[in-house]
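**Student:** Take the sequences, apply the hints, and build the full model.
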Amino acid sequence: MPAASSKSAYLAGVWACLPFVMMAAPFGLLFGVVGAEAGLNLAQVMAFSTVVIAGAAQFTAVQLMTEAAPTILVVLSALAVNMRMVMYSASLQPHVGKASLWQRLLISYTMFDNTYAIASAEYDERPTRPVQQKAFFFLGTATPMVPVWIASTYLGAALGTSIPDAWAIDFAMPVLFLSLIGPALRSLAHIAAALTAVILSLAFAWMPFNLGLIAAALPAMAVGAELERRGYGR
Amino acid sequence: MIAASDWQIWLVIIALGIGTFLVRFSFLGLLGQRDLPDWALRHLRYTAVAVLPALIAPLLVWPEANGGEPEPLRLTAAAMTLAVGYLTGNGIWAIVAGFGSFYALGAIFG
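If you're matching them up, the sequences are chains S and D in order.
Residue numbers for the first sequence follow this note's numbering, beginning at 1 and rising by one.
Residue numbers for the second sequence follow this note's numbering, beginning at 1 and rising by one.
Keep in mind that the hints are not guaranteed to be accurate.
Stated by the list, open to error - Think about it this way: if two alpha-carbon atoms lie no more than 25 Å apart in a straight line, the pair counts; the simulated DMTMM-like pairs of lysine to aspartate or glutamate are:
hint : chain 1 : residue 1 : chain 2 : residue 2
1    : S       : Lys98     : D       : Asp38
2    : S       : Lys7      : S       : Glu125
3    : S       : Lys98     : S       : Glu125
4    : S       : Lys98     : D       : Asp35
5    : S       : Lys98     : S       : Glu67
6    : S       : Lys7      : S       : Asp165
Stated by the list, open to error - Looking from chain S toward chain D, a few residues come up when the C-beta cut is under 7 Å (computed):
hint : residue
7    : Glu67
8    : Pro70
9    : Thr71
10   : Gly97
11   : Arg104
12   : Leu180
13   : His190
14   : Ala197
As the list claims (entries may be wrong) - Just so you have them, the derived chain D footprint on chain S, three or more residues with Cβ under 8 Å:
hint : stretch
15   : 30-40
16   : 43-57
17   : 81-95
18   : 106-113
19   : 116-126
20   : 210-217
21   : 221-233
Rather than coming from a laboratory, the hints here were simulated on the basis of the structure.
Glycine residues also receive a C-beta, built at the ideal position from the N, C-alpha and C atoms.
**Tutor:** Structural data, given as structure tokens:
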């Protein structure tokens, strides 16, 4: 029964994303507050979170606009922050590349770090699932994520609801990602790739436009691939 | 405060929105139906474990909230998160361990 298994894959995606959604809400609130305080009106703040819908790039764009950077520089710098998603897109292609156009458009629109990471872990664990189920799983992860991101932005912008510093929400993002990385370290190849990425990202932190991230991630992927080729992938 | 005019702000939103979507759609759109060679698949299997650590390592080692200086509390709590996630294979326990140790150690030594 393909319909039933698509539905269960979708629900599994929703379920897998729920804990991480609670960690995304503080960032939505924060973007709402920062955007409103920078002088954006409510429509503009909401447009950022619905049209751009990419946390880090939104913060970068608002930051640069408050510094009166030229429009073209604002757009290019914020886009540079998003370049990692080219890699996400490539890494999802073998799994959902054959899904329907509508599904691929929706997956692209809802591609966050956490929806990607959760789906990628699922595909890693069950690589042989049919395309349909993989696509529905991704859309499941996006289902709680997108409304929470948009609603929390609204609350931040409309009410100015800020998060107390003592909550240390800047620590929420590292914890969130670490909680996704830990379970993904399934073999020596995975561990070596992650370790390479850490060392190189610190070494390349001086690079402008977030290039250090890409410069660290590409060699790290090569390290993982090479170790897998030598039999350390499982 | 943002000095840019209304239309400049909208231009940023729309240009960035289109650009970001194209970045996300890139490989899913262009290579949609194609099968990638084995060597490419092998590299792509390590995307998540390469990008996510590279994204957070600088944030952890030089946290802005601590004036860009390394902070033992954050590093310890981060190590707890990673260790519990690795050992249990469960992200939720990892989050509980990370935030639990962060607030507990912060309360004790803060």
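**Student:** Three or more residues of the stretch 81-95 of chain S near chain D by CB distance under 8 Å?
**Tutor:** Our answer is that it holds, as 13 residues pass the Cβ test (under 8 Å) against chain D, meeting three.
**Student:** For the pair we were handed, Lys98/S and Asp35/D, check the Cα-Cα distance against 25 Å.
**Tutor:** Holds - the C-alpha atoms of Asp35/D and Lys98/S are around 9 Å apart, at most 25 Å.
**Student:** The stretch 30-40 of chain S covered by chain D? Criterion: 3 or more residues, Cβ-Cβ distance below 8 Å.
**Tutor:** It holds, with 3 qualifying residues against the three required.
**Student:** Taking 7 Å as the limit, does the beta-carbon of Ala197/S come near enough to a beta-carbon in chain D?
**Tutor:** OK, holds: Ala197/S within 7 Å of chain D, min 4 Å.
**Student:** Double-check Pro70/S for me: the hint is only fine if its C-beta lies closer than 7 Å to a C-beta in chain D.
**Tutor:** 9 Å, violated
**Student:** Compare the distance between the alpha carbons of Lys98/S and Glu125/S with 25 Å, and conclude whether the hinted pair is satisfied.
**Tutor:** The given pair, whose Cα atoms are some 19 Å apart, holds under the 25 Å limit.
**Student:** Next item in the hint list is Leu180/S. Is there a CB on chain D closer than 7 Å to its CB?
**Tutor:** Interface hint status for Leu180/S: holds (6 Å vs cutoff 7 Å).
**Student:** Can the restraint linking Lys7/S and Asp165/S be considered satisfied, given a maximum Cα separation of 25 Å?
**Tutor:** Violated: Lys7/S and Asp165/S sit about 41 Å apart, past 25 Å.
**Student:** Going by Cβ atoms only, is Thr71/S closer than 7 Å to chain D?
**Tutor:** Where the cut-off is 7 Å and the nearest Cβ of chain D is about 5 Å from Thr71/S, the hint holds.
**Student:** Count the residues of the stretch 106-113 of chain S whose CB lies closer than 8 Å to any CB of chain D, then report whether that count reaches three.
**Tutor:** As far as the stretch 106-113 of chain S goes, the hint holds, because 5 residues have Cβ atoms under 8 Å from chain D.
**Student:** Count the residues of the stretch 210-217 of chain S with a beta-carbon closer than 8 Å to any beta-carbon of chain D: does the count reach three?
**Tutor:** holds (count 4)
**Student:** Is the hinted pair Lys98/S and Asp38/D satisfied, with a Cα-Cα distance of at most 25 Å?
**Tutor:** 17 Å, holds
Checked against the numbered hints above, the structure violates hints 5, 6, 7 and 8; every other hint is satisfied.
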